[in-house]
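S.K.: Listed below, chain by chain, are the residues.
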Amino acid sequence: MERSASSSHQTSPNGVPAGREFSGEIQTIMASTTINKPVEDSIAKVNDEIAVGSDPDFQRRWLRFEHGLWAVFTLIVVLDLLGFFGRGYMAKGTARTNDGTLDVQYDRVERYSTPSIMTVQFGPSAIRDGKVQLWVSEGVIKSLGAQRVVPQPASSVVGQGGILYTFPATSPPFSAGFQLEPTSPGMFEMAMRVPGGEEVRRKILVMP
Amino acid sequence: MAAVFRAVFGYCFLVLMVRVVGRRPGKQMTPFDFVLVFFLGGLTLTPMVGNDRSLINALTIVASIAVTHFVLVWLKQRFPAFGRVLDGTPLVLLEKGQWHQRTMDQLAVQDQDVMAAARDKGLERPDQIEYAILERNGEISIIQSSNKS
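Chains as they are written, first to last, in our numbering: chain W, 1 to 208; chain F, 209 to 357.
Derived from the structure by calculation, the hints contain no laboratory data.
You may find that some hints are simply not true.
[Stated by the list, open to error] Below 25 Å or equal to it, Euclidean Cα-Cα: the simulated SDA-like pairs (lysine to any residue) are:
1. W:Lys45 <-> F:Val257
2. F:Lys304 <-> W:Lys92
3. W:Lys37 <-> F:Gly291
4. F:Lys304 <-> W:Asp55
5. F:Lys304 <-> W:Thr166
6. W:Lys45 <-> F:Ala211
7. W:Lys142 <-> F:Gly291
8. F:Lys304 <-> F:Lys284
9. F:Lys304 <-> W:Asp41
10. W:Lys45 <-> F:Phe247
11. F:Lys304 <-> F:Ile351
12. F:Lys284 <-> W:Glu189
13. W:Lys203 <-> W:Arg96
14. W:Lys92 <-> W:Ala146
15. F:Lys304 <-> W:Gly162
16. W:Lys45 <-> F:Leu331
17. F:Lys304 <-> F:Gly291
18. F:Lys304 <-> W:Val78
19. W:Lys203 <-> W:Asp55
20. F:Lys284 <-> W:Val78
21. W:Lys92 <-> W:Val157
22. W:Lys142 <-> F:Gly258
23. W:Lys142 <-> W:Arg202
24. W:Lys37 <-> F:Lys304
25. F:Lys284 <-> W:Arg64
26. W:Lys142 <-> F:Ala289
27. W:Lys45 <-> F:Val212
28. W:Lys45 <-> F:Gly305
29. W:Lys142 <-> F:Leu331
30. F:Lys284 <-> W:Leu63
31. W:Lys45 <-> F:Gly258
32. W:Lys92 <-> W:Thr34
33. W:Lys142 <-> W:Phe65
34. W:Lys37 <-> F:Tyr339
35. F:Lys329 <-> W:Arg202
36. W:Lys45 <-> F:Arg344
37. W:Lys131 <-> W:Gly177
[To be verified] Here are some of the chain F residues that sit facing chain W, going by a computed Cβ distance under 10 Å:
38. Met209
39. Ala210
40. Arg214
Since the structure is predicted, the reported quantities are computational estimates derived from the model, not experimental observations.
Note that CB positions come from ideal geometry on N, CA and C, so glycine has one too.
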């Protein structure tokens, strides 16, 4: 047993275990390139006896920063509850035309890739010959990502920088809903009108 | 490209949140703290991934976070002031029989947390502790009093 142990620890003439000369050379090279740095008294001490490295001044400044940050976080939560970042009371908007053809309920602040509904109510003067026509700007379709229109329009024609929808409608009240899902963050313009009527034009902010 | 920005922003925001919410990881972490860590992580993940469930998106996000992490570590090493911002500095919680109550309140560390660390060292009472130090990694180091009785 002792013999086998000693045979496994045979050494070369230079004292390096057999088979380890190569790794020994590497260690020698590494040792020669190691940059040593003397130990300095660079860590701040407490009571001049224990090197802790604490920095009370920095800690005070950091706590002031933290308090400021907590105020910002609280403000963000309150603003969000009120709807300033969308999906809340302050985000809801209504736009009406003076001629009474359109009443649009929309969100002033939308969120990127988040579904919402924009409802368009048509006045009696918008219904002509048993149908209602509505021109919607390209911004509503592309930037605000109109996914679906309810009810299903009888026809939709692309033109004049937007789409002209035609809905069958016999009597008021009649409304249509646009399911939106914004495709990118930013400020976008929404415009719509009944042909021959006043136009509703609003800016909508899409939060990232 | 947006996934990279989202990943970098999400990572940096989480680093800031964890730094601000408290320094109670490691042994001081209670089940209460675990809820915070998992909840924050889970909530940040969803908007980072978005609708893109592709393998390349996952790889891009992981690589972005790895690079951001490396950059932060490098900055920490290169600029000690940045390291202080990211990790804070060690703080004395107990010094020669006196609790640093204000520091403990600010960091939400209780005397039970200090005693838990002391018991790890085989100490039984606060008067056996010379110094208790909250380290940058959230551990509490205990320096035993020389007149331990």
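S.K.: Lys45 (chain W) and Gly258 (chain F): Cα distance at most 25 Å?
M.R.: With Cα atoms ~49 Å apart, Lys45 (chain W) and Gly258 (chain F) exceed 25 Å; violated.
S.K.: Measure nothing beyond the straight line between the CA atoms of Lys45 (chain W) and Phe247 (chain F); if it is 25 Å or shorter, mark the hint as holding.
M.R.: 38 Å, violated
S.K.: Compare the distance between the alpha carbons of Lys142 (chain W) and Leu331 (chain F) with 25 Å, and conclude whether the hinted pair is satisfied.
M.R.: 68 Å, violated
S.K.: Given the hint that Lys284 (chain F) pairs with Val78 (chain W), test it: the Cα-Cα distance must not exceed 25 Å.
M.R.: Status violated; Cα separation ~34 Å.
S.K.: Against the 25 Å threshold, does the CA-CA distance of Lys304 (chain F) and Thr166 (chain W) hold or violate the hint?
M.R.: 84 Å, violated
S.K.: When the nearest CB of chain W is found for Met209 (chain F), is that gap smaller than 10 Å?
M.R.: The hint is violated - Met209 (chain F) has no Cβ within 10 Å of chain W, the shortest such distance being about 12 Å.
S.K.: Do the alpha carbons of Lys304 (chain F) and Gly162 (chain W) lie within 25 Å of each other, as the hint requires?
M.R.: Answer violated: Lys304 (chain F) to Gly162 (chain W) is near 77 Å, above 25 Å.
S.K.: Does Ala146 (chain W) lie within 25 Å of Lys92 (chain W) when you go C-alpha to C-alpha?
M.R.: 18 Å, holds
S.K.: Need the status of pair Lys304 (chain F), Lys92 (chain W): alpha-carbon distance at most 25 Å?
M.R.: Not satisfied, since the Cα-Cα distance of roughly 61 Å exceeds 25 Å.
S.K.: Between the alpha carbons of Lys142 (chain W) and Phe65 (chain W), is the straight-line distance 25 Å or under?
M.R.: Distance of about 42 Å is beyond 25 Å: violated.
S.K.: Are Lys142 (chain W) and Arg202 (chain W) close enough, with their CA atoms no more than 25 Å apart?
M.R.: 16 Å, holds
S.K.: Taking only the CA atoms, is the gap from Lys329 (chain F) to Arg202 (chain W) under or equal to 25 Å?
M.R.: Roughly 68 Å separates the two Cα atoms, so the pair is violated.
Violated hints, in rising order: 1, 2, 5, 6, 7, 8, 10, 12, 15, 17, 18, 19, 20, 21, 24, 26, 27, 29, 31, 32, 33, 34, 35, 38; the structure is consistent with all others.
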